[in-house]
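Visitor: The primary structure of each chain is shown beneath.
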Amino acid sequence: MKNRIRELRTAKGWSQGELAERLGVSRQTVNAIETERYDPSLPLAFVIADLFGKRIEELFQPGKPE
Amino acid sequence: MKPINSVPWYRVVMTVVFWSNVLFAGPRMILHGAPEGAVTLAVGLMGVFFYPLRPDDERTISLRFRAVTAGIVVSFVVLYAGTRILPAMVEDPRPREVFEQRFGIWSAIIIAMAVAQVLIWLWRLWDSSEEVPMRGWRRVVQMCNTGR
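From first to last, the protein sequence lines are chains A and B. Under the numbering used here, the first sequence is numbered contiguously, ending at residue 68. Under the numbering used here, the second sequence is numbered contiguously, ending at residue 376.
Any given hint might turn out to be false.
The following label-pair restraints were derived from C-beta to C-beta distances [as the list claims (entries may be wrong)]:
no.	chain 1	residue 1	chain 2	residue 2	range
1	B	Leu353	A	Glu9	18 to 28 Å
2	B	Phe293	A	Phe54	48 to 58 Å
3	B	Gly261	A	Arg8	46 to 56 Å
4	A	Gly26	B	Val305	29 to 39 Å
5	A	Gly26	B	Phe246	25 to 35 Å
6	B	Val305	A	Gly19	34 to 44 Å
7	A	Met3	B	Val241	43 to 53 Å
8	A	Thr12	B	Ala309	20 to 30 Å
Counterexamples of contact, computed for chain A against chain B with all Cβ distances above 12 Å [unchecked claim]:
no.	residue
9	Ala22
10	Arg29
11	Glu36
No lab work stands behind these hints: they were computed from the structure. Quick caveat, the model's predicted, so the values are computed rather than measured. Each residue gets a CB set at the ideal place from its N, CA and C atoms; glycine is no exception.
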């Protein structure tokens with residue numbers, strides 16, 4: 003699944019560690035999501051969307067990474 | 229006593245005792261043939277593996293489950309091969325019990341936990357690295373893990 007998390011995180015000026023702290027996950031997990039190695043669960047996706055003030059479909063798009 | 233880097237002193241002492249047990253006491257007892265060494269090592273490895281660094285991190289939970297499953301499979305394959313297949317291939321064809329070794333079921337737990345520990349470290353290392361094009365066996369592992 004493609005996502006825009008890295009783009010939105012850098013726009014806010016947060017590091018991966020800072021985002022991980024806000025989400026309550028590890029920095030490795032944030033990196034795995036950003037690099038599209040791991041698709042987060044629905045509850046975590048809602049937390050991410052809420053944190054960036056977006057809807058889930060604005061953050062995640064179906065489809066395999068290129 | 230003052231805390232070290234805001235970690236309470238009793239945790240530092242417990243950590244030192246724990247790692248001394250796992251790294252020195254357990255293997256030393258095993259070398260001297262004491263089954264308690266296997267118990268110490270197995271419990272220590274389980275403690276390291278299940279220590280909740282991030283108990284609510286869903287990726288860690290999923291990887292731990294996968295690593296334990298792989299560890300158990302590898303452990304049974306290794307022990308089964310060592311106690312049934314290899315003896316049958318050499319001079320002694322008598323079938324043996326899978327857990328008949330001196331350390332019994334603890335040897336299975338040690339192998340499973342050691343394999344799981346290595347796997348979880350590799351996967352977390354892979355998670356923390358940037359995307360790089362993969363080739364060879366790493367590409368095979370990636371396809372097994374992600375299906376793509």
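Visitor: State for each hint whether it applies.
Guide: Hints and how they fare:
{"no.": "1", "hint": "B:Leu353 x A:Glu9: 18 to 28 Å", "in the structure": "holds, 25 Å"}
{"no.": "2", "hint": "B:Phe293 x A:Phe54: 48 to 58 Å", "in the structure": "violated, 29 Å"}
{"no.": "3", "hint": "B:Gly261 x A:Arg8: 46 to 56 Å", "in the structure": "holds, 55 Å"}
{"no.": "4", "hint": "A:Gly26 x B:Val305: 29 to 39 Å", "in the structure": "holds, 37 Å"}
{"no.": "5", "hint": "A:Gly26 x B:Phe246: 25 to 35 Å", "in the structure": "holds, 26 Å"}
{"no.": "6", "hint": "B:Val305 x A:Gly19: 34 to 44 Å", "in the structure": "holds, 39 Å"}
{"no.": "7", "hint": "A:Met3 x B:Val241: 43 to 53 Å", "in the structure": "holds, 46 Å"}
{"no.": "8", "hint": "A:Thr12 x B:Ala309: 20 to 30 Å", "in the structure": "violated, 50 Å"}
{"no.": "9", "hint": "Ala22", "in the structure": "violated, 9 Å"}
{"no.": "10", "hint": "Arg29", "in the structure": "violated, 7 Å"}
{"no.": "11", "hint": "Glu36", "in the structure": "violated, 9 Å"}
Hints 2, 8, 9, 10 and 11, counting from the list given before, are not met by this structure.
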